[in-house]
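Trainee: Sequence:
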Amino acid sequence: MADASYPEDLLYHDQHDWARLEGDEHAVFGVTWYAQDSLGEVVFYDPPEVGAAIHKDSSYAEVESVKAVSDVIAPMSGEIVEVNDALADAPEQINEDPYGEGWLVKVKLTAPAEAEALLGAEEYRKLVEKG
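Once you know that position 117 of the sequence shown is 116 in numbering that gives the first Met the number 0, the rest is easy, because the numbers rise by one and skip nothing.
Calculated directly from the structure, the hints in this document are not laboratory data.
Among the hints, a few may not be true.
[What the hints assert, rightly or not] Ranges of calculated distance between the beta carbons of each label pair, as one might list FRET restraints: (1) 50 with 122: 28 to 36 Å; (2) 22 with 66: 30 to 38 Å; (3) 56 with 120: 18 to 26 Å; (4) 48 with 125: 31 to 39 Å; (5) 129 with 50: 36 to 44 Å; (6) 65 with 116: 31 to 39 Å; (7) 130 with 80: 26 to 34 Å; (8) 124 with 48: 29 to 37 Å; (9) 126 with 50: 29 to 37 Å; (10) 85 with 39: 14 to 22 Å; (11) 85 with 21: 16 to 24 Å.
[Said to hold, decoys possible] Straight line, CA to CA, 20 Å or less: simulated EDC-like cross-link-like pairs of lysine to aspartate or glutamate: (12) 125 with 7; (13) 105 with 115; (14) 66 with 91; (15) 107 with 23; (16) 55 with 21; (17) 105 with 48; (18) 105 with 23; (19) 55 with 81.
Remember, predicted model here, so these are calculated numbers, not experimental data.
Heads up, the beta-carbon is just placed ideally off N, CA and C, and yes, glycines get one too.
Could you build the full structure based on these sequences and the hints that come with them?
Mentor: See below:
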């Protein structure tokens, strides 16, 4: 398991998802350390289809752990341009490296300004410490 961390270069959604902006129109999404820790051992990832439209604050995928099946909430709106196919064979990457090998999808953003509503690392840390 990875140690608790919330990288400064990411933006965070209050539903425990992160976005790494790549230029003005693209981002990578995943779940935070807190989310994977709460889930427990991840055993299955059900990704969206490439080309699917996703909407901020809506579910776009499911992660199944030994404890439960959980929806993954989109931190921003866009179109899926790539899914992390490696997670089909190694869903534990979500636990072991949630910000690296455990990324979930790459997205072409349809509303880049939504980033302004997301939390920085310090704000997100405070949110989970309260939780």
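Trainee: So which of the earlier hints does this model not fit?
Mentor: none
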